[in-house]
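So the protein lines, in turn, are chains A and B. For the first sequence, our numbering begins at 1 and goes up steadily by one. For the second sequence, our numbering begins at 1001 and goes up steadily by one.
Certain hints may be false.
[As the list claims (entries may be wrong)] Where chain B lies over chain A, by a calculated footprint (3+ residues, C-beta under 8 angstroms): (1) 3 to 12; (2) 62 to 71; (3) 178 to 186.
Hints are computed from structural coordinates only; laboratory data are not their basis. Bear in mind that the values here come from a model prediction, so they are computed numbers and not experimental data. Ideal Cβ positions, reconstructed from N, Cα and C, are used throughout, including at glycine.
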Amino acid sequence: MSLPPARYSFGGDEHIFVELNHEMSLEAFFKGMSITNAIAQRKIAGVTEICPANASYQVRFDPDLMAPDKLMEILKSIEIELGDGALELNTRIIEIPVFYNDPWTNETQQRFRERHQDPTSTDLEYGARVNGYANVDAFIAAHAASPWFVSMVGFVAGLPFMFQMVERTKQIQVPKYLRPRTDTPKLTIGHGGCFGCIYSVRGAGGYQMFGITPAPIFDPQQSLPYVKDFMVFFRPGDIVKFKPINRSEYDAALTKVQDGSFDLRIREVKFSLQDFVKDPSAYNQQLTETLYGN
Amino acid sequence: MAIKVLQPGLATTVQDAGRIGYYHLGIPLSGALDQYSFRAANLLVGNSEDAATLEITMLGPKLEFMHDAAIALTGANLPAKLDGVPIPNNQVVAVKAGSVLSFDFLKDGVRAYLAVAGGIDVPEVLGSRSTYTLGAIGGFCGRKLQAGDVLPVGAFQGPSHVGKKLPDHLKQALPKQVQVRVLPGLYFHWLTQASGKSFFEDTWQVGPEADRIGYRFKHGRPLEFEPRERPFGAGSDPSNIVDAGYPIGSIQVPGGLEPIVLHRDAVSGGGYAMIGTVISADMDVVAQLQPNFQTQFVAVDMAQALSARAKRNQRLADLRQALLN
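Let the hints inform the model, and build the full structure from the sequences given.
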């Protein structure tokens, strides 16, 4: 578990961009979480935005209040201080119900088939094949079996990028559409490169579409219990466990969303990267027990 | 105190100084794209300089004032008429209840700012009245104005500023050919040496896709990235990176073809390599670029970026000096 030294770069006179690793890994993501948490705790003068991402982070600052070189020195010193210390995270594990292979994303796929690598397959068939799964059901089972880290929130309001907590050889990887779609149903479960996502709003998108969740994750009206504190539900560092549901379960959930009684299963959890890396499947088992216990 | 929208124009939105602190959740800065002109409009009418205004893009709206008001229009050269009679831009004009403000065709620039004494009084969302249309929050119902909307206007107790003018030397310049200064960095080193050079040599033309999210540029030589092993998780195109945060003003070049400068409604992150960032002092200039305008990107270092920023700060100080009394 050792990363090369981070690469620091200025994004104009108002941003510092830090690449923790050029490739994706849980180690790089964790290093970013611990550094950005430390930056937030320091309450550094002039810093207005602290944005962790998958394997990098950036801060935005006011150079009238903090000299760019000085801030870069501070960030570098935080990286050195934290070193390879205990990489732990107090976070949440959340169950997200997913209606895989649903009629709405399937209909959207058909409309944009000429933009796809394989116009004769569905996105799920294609994803299953390029990842070496015997069929769509086995592929869905793998997607839902192991939890995912929310490794970045962004692109548009509240959209989580997720990285599945499995060994690299088991990571699901698919290319993005050849040309992005102009439409994606709201709350589509997508996948591009090694990242999963949930489209928080309807709109353009380039990820393959595997299913849909009834659970709103960006709600400016804050009408559901789990968004009462804030209109954006996901935070970087959240852990997500997908649960396959069928059409009638989806419809029932949607009715509850409409009457404001829908809620999500959420548990507080402490995550240790070291313990996870020692035995990922045992650790995932333990996480799942935390989610479903008591 | 209200303004009725008779016609909405092309893209008229409520904007203020912006929404800070939520970029890590995908909620961008937003706010007036040309912050200089926005502040000038507010200072003219006697508002605090970060009060909410209307940002009018290219094609003006038709607005009926339901109360007596004082207004000022700055930024783009968008000729305005009150009940059919031309009124001056960059000057505070008195409006009688029932009067209708309309606009002729745009002459220079892209975005005009309409400040009303008292400010546009929509509710604050996450500390700002700015509209973020992709997230459908802020502004008037989280969207562009539509015919029939009734915009609330705040009470104004200050002295009347009617007749007050913006001095000529403090008007926003609206050139048709511009130099936009860029601090190279981020993933600039991924470009081949030849492309790193040609990006700054070529004259780029503003494309039709130029909005609050980003400005796309065309007709320069295609940019090539050094051949390299694809990092795990990055995607298959040489311009792909492991999805990362995008600085505001950063320039990405999907497929190496058309550079995109992200602006204040930027998507907050994604998987395209950024090759540098437009310096803060020139973001107002980008905001006023019309499609087909010619642009040259000029490489600067941090010292030059900070000196340009100091110059812009001085200009804002001059603006306050000229208008705050």
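| request: Given that the segment 62 to 71 of chain A was listed as covered by chain B, double-check it with a C-beta distance under 8 angstroms for 3 or more residues. | output: holds (count 4)
| task | Count residues of the segment 178 to 186 of chain A with a Cβ under 8 angstroms from any Cβ of chain B, then say if the count reaches three. | result | violated (count 0)
| message | At least three residues with a C-beta closer than 8 angstroms to a C-beta of chain B: is that true for the segment 3 to 12 of chain A? | response | Coverage by chain B holds here, the residue count being 4 at a Cβ distance below 8 angstroms.
Violation of the numbered hints given earlier is confined to hint 3; every other hint is satisfied by the structure.
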